[in-house]
Amino acid sequence: MTVASDAFELERALHAFVVREARLLDDMQLDEWEALFADDGHYWLPASVGASDPLREAAHLYDDRLLRQVHIERLRSAHAHSQQSPGRSHHLLQSPEVLEANEADNCYRLRTSFVYTELRGGRTVSLPGVAHHRLRRSSAGFLIVLKRVDLLHAAEPLPAIEFYI
Amino acid sequence: MGDLAKRWNGAELRALIRDNEVHRAVYTDPEIFNLEMARLFRASWAYVGHASQVPNAGDYFTTTVGAEPVVIVRRGDGGISVLINRCSHKGVRLVSEGSGNLGKFIRCPYHAWTFGTDGALQNIPLREGYDGTGFDAAEARLGLARAGAVEVYREFVFCRLNDEGIRFNDYFGESLSTLDNMVDRAPAGRLEVAGGVLRYMHQCNWKMLAENQTDTCHPMVAHESSAGTTVRIWNEQPEGTPKPMAVEQFAPFASSYKFFDNMGIRIWPNGHGHTGVSDSIHAAYSPIPGYHEAMVAAYGEERTRHILGEVRHNTVYFPNIMVKGPIQTLRVFRPLAADRTLVESWTFRLVGAPDLLFERTCMYNRLINSPASIVGHDDLEVYERAQQGLQTGFRDWVNVGRLFQTGEGTANAEVVRGTSEAQMRNQFRAWLRFMAPPQELAP
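Protein chains in written order, with the working numbering: chain A, 1 to 165; chain B, 166 to 608.
Check the hints yourself; a few may be wrong.
Label pairs and their calculated CB-CB ranges [said to hold, decoys possible]:
id: 1; chain 1: B; residue 1: 397; chain 2: A; residue 2: 23; range: 27 to 37 Å
id: 2; chain 1: B; residue 1: 329; chain 2: A; residue 2: 78; range: 51 to 61 Å
id: 3; chain 1: A; residue 1: 77; chain 2: B; residue 2: 471; range: 38 to 48 Å
id: 4; chain 1: A; residue 1: 9; chain 2: B; residue 2: 554; range: 50 to 60 Å
id: 5; chain 1: A; residue 1: 126; chain 2: B; residue 2: 184; range: 42 to 52 Å
id: 6; chain 1: A; residue 1: 121; chain 2: B; residue 2: 397; range: 19 to 29 Å
id: 7; chain 1: B; residue 1: 409; chain 2: A; residue 2: 50; range: 22 to 32 Å
id: 8; chain 1: B; residue 1: 177; chain 2: A; residue 2: 86; range: 41 to 51 Å
id: 9; chain 1: A; residue 1: 23; chain 2: B; residue 2: 409; range: 27 to 37 Å
id: 10; chain 1: A; residue 1: 126; chain 2: B; residue 2: 177; range: 34 to 44 Å
id: 11; chain 1: A; residue 1: 152; chain 2: B; residue 2: 397; range: 30 to 40 Å
id: 12; chain 1: A; residue 1: 76; chain 2: B; residue 2: 317; range: 41 to 51 Å
id: 13; chain 1: A; residue 1: 100; chain 2: B; residue 2: 471; range: 50 to 60 Å
id: 14; chain 1: B; residue 1: 354; chain 2: A; residue 2: 98; range: 44 to 54 Å
Sample of chain A residues lacking proximity to chain B, with all beta carbon distances greater than 10 Å (derived) [as the list claims (entries may be wrong)]:
id: 15; residue: 6
id: 16; residue: 32
id: 17; residue: 41
Calculated from the structure, these hints are not laboratory results. Even glycine gets a Cβ: it sits at the ideal position worked out from N, Cα and C.
Bound-form chain A, shown alone (with noise of 0.2 Å):
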């Protein structure tokens, strides 16, 4: 293999974990999407342009391995009254810009340009933004550090947004 297309099947093996990452999102597969998250992986949706602190600037999720497991259990209630009309999400994704691809660090970054919509009882919400993976592999594949969602409205008044983006 020359290093040209050891590069090809990295760069298409990154964009093929994202657009499986959407897709689980979509299929409702929920355990298998909070698999991809490493241990101290986080999900972040700022609530501001240009954020830089999660933990000290206003956001609307910035959730851990124990947040994201309460956030699926919970869907999964029969006490769920936001979803007693059960909601769907669509993910439709630009092709997504590898912006790092260090092996030496072991740091895969890209950066994914998206519509997500959410219909729920009768309602639809669409929403733009970028969505930024910053990857780690393993031996089980590559795993998510941070997932931060850049919302095009990030500080606009939202309705209920009940799934991750």
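Knowing the structure of chain A, use the given hints to seat chain B on it.
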């Protein structure tokens, strides 16, 4: 507005509010909503923001009081003005939504009419064009309309839009003690708005938000899927695992009826009141290293014990905010339509306290008040279902009668059982009072 005023005189409005039930029109009728904007939100005192949002001369931010767009601006003399955001020329909104610094003057982007930060008309380009035109008697000469009264209480900025009306101290009375306690929790005796704001659109009437704050029979039901799930998953963690802050914050929402009943509710005149007289969901958070020491250094042991012993849960300042002193969050209910409300959730830093306290505040806001909050989802669901359910004409009344007692609301600072809906009834008594037509409005 004349016809509207004739239809809704004091007697018509009183017919909507009974001791133990209120007519659905108060939540659904656009005419009633317009009347709330024209009367209630002008006669009462509304919170507009915090002085720390405008630290320097020329700093401003925008918000609404009822339906009125307002600009809050720090003047050169150090005072704070609350101005109606409308150029006196052709009605242009002078500043768009947001915040910033406008320097020494407010300059309209259309024709460059210029106003001082006190709202006075300073300059019109080509001013001689108005000579002999009757301009001296024209409304435009008055400059920007401004709130009738502004009060900055321990840096919390309130205003009353009407020129005449109830004084600040008479309106709030002892309810200000919640703000006192929140400020006193800072070793430096000062708060700062910090970290930004969470903005959550609700398709429901603003009063549903206000009433939910002292609704203690819903958490164990509506929040079972969120708080209940958290408790279950936490109980499955290995023995000895330190309890995460998130669990400390979620779990109390699953507290029992007995817990909420015992913690009590205190009600004050003019619609203000709070849950958590003797206990609250905020009472059992882990201590933050360094905080107690900083408080004792500032206030001494006894006063520190007194300050931290107050663990009020939700204080409603009628009509437009609720405050959680022990966790330093504040939510503003901005009415947009009879069936639409924008809720803004703000976080405050206690100056002089360890940083971890502010992280805890931000976590609370994120977990509970964000549009992605699993606690908020079930609240919003029931509000919106209520707004929809109230459309039917087959039932007209909403029950607010839990633990109603004849003669309630006559004593100041009355304490009742925590599962009472007395505070909701208190809010409707204030609603009636400040919804009265101007000629019937008591001072």
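Hint-by-hint comparison with the structure:
1. Range check, residue 397 of chain B to residue 23 of chain A: about 29 Å between beta-carbon atoms, so the 27 to 37 Å window is met.
2. Against the hinted window of 51 to 61 Å, the Cβ-Cβ separation of residue 329 of chain B and residue 78 of chain A comes to about 55 Å, which satisfies the hint.
3. With their beta carbons about 41 Å apart, residue 77 of chain A and residue 471 of chain B fall inside the hinted range of 38 to 48 Å.
4. Remark: the range hint 50 to 60 Å for residue 9 of chain A to residue 554 of chain B is upheld by a beta-carbon distance near 57 Å.
5. Range check, residue 126 of chain A to residue 184 of chain B: Cβ separation about 46 Å, and the 42 to 52 Å hint holds.
6. Judged by the Cβ atoms, the range 19 to 29 Å given for residue 121 of chain A and residue 397 of chain B holds: they are separated by roughly 26 Å.
7. The hinted window of 22 to 32 Å between residue 409 of chain B and residue 50 of chain A holds, with their beta carbons roughly 28 Å apart.
8. As the Cβ distance of residue 177 of chain B to residue 86 of chain A is approximately 44 Å, the hint placing it in 41 to 51 Å holds.
9. A beta carbon spacing of about 30 Å between residue 23 of chain A and residue 409 of chain B agrees with the range 27 to 37 Å that was offered as a hint.
10. At roughly 43 Å, the beta-carbon separation of residue 126 of chain A and residue 177 of chain B lies within the given 34 to 44 Å, and the hint holds.
11. Distance hint for residue 152 of chain A and residue 397 of chain B: a CB-CB separation of about 36 Å, consistent with the stated range 30 to 40 Å.
12. Between residue 76 of chain A and residue 317 of chain B the beta carbon distance is about 49 Å. The supplied range of 41 to 51 Å therefore holds.
13. Range check, residue 100 of chain A to residue 471 of chain B: about 54 Å between beta-carbon atoms, so the 50 to 60 Å window is met.
14. For the pair residue 354 of chain B and residue 98 of chain A, the supplied restraint of 44 to 54 Å holds, since their beta-carbon distance comes to about 52 Å.
15. Every CB of chain B lies more than 10 Å from the CB of residue 6 of chain A, the least distance being 39 Å, so the non-interface label holds.
16. Consistency note on residue 32 of chain A: stated as away from chain B, and its beta-carbon is indeed over 10 Å from all of that chain's, at 18 Å minimum.
17. With 10 Å as the threshold on Cβ separation, the claim that residue 41 of chain A sits away from chain B holds: the shortest Cβ distance comes to roughly 16 Å.
The structure agrees with every numbered hint stated previously.
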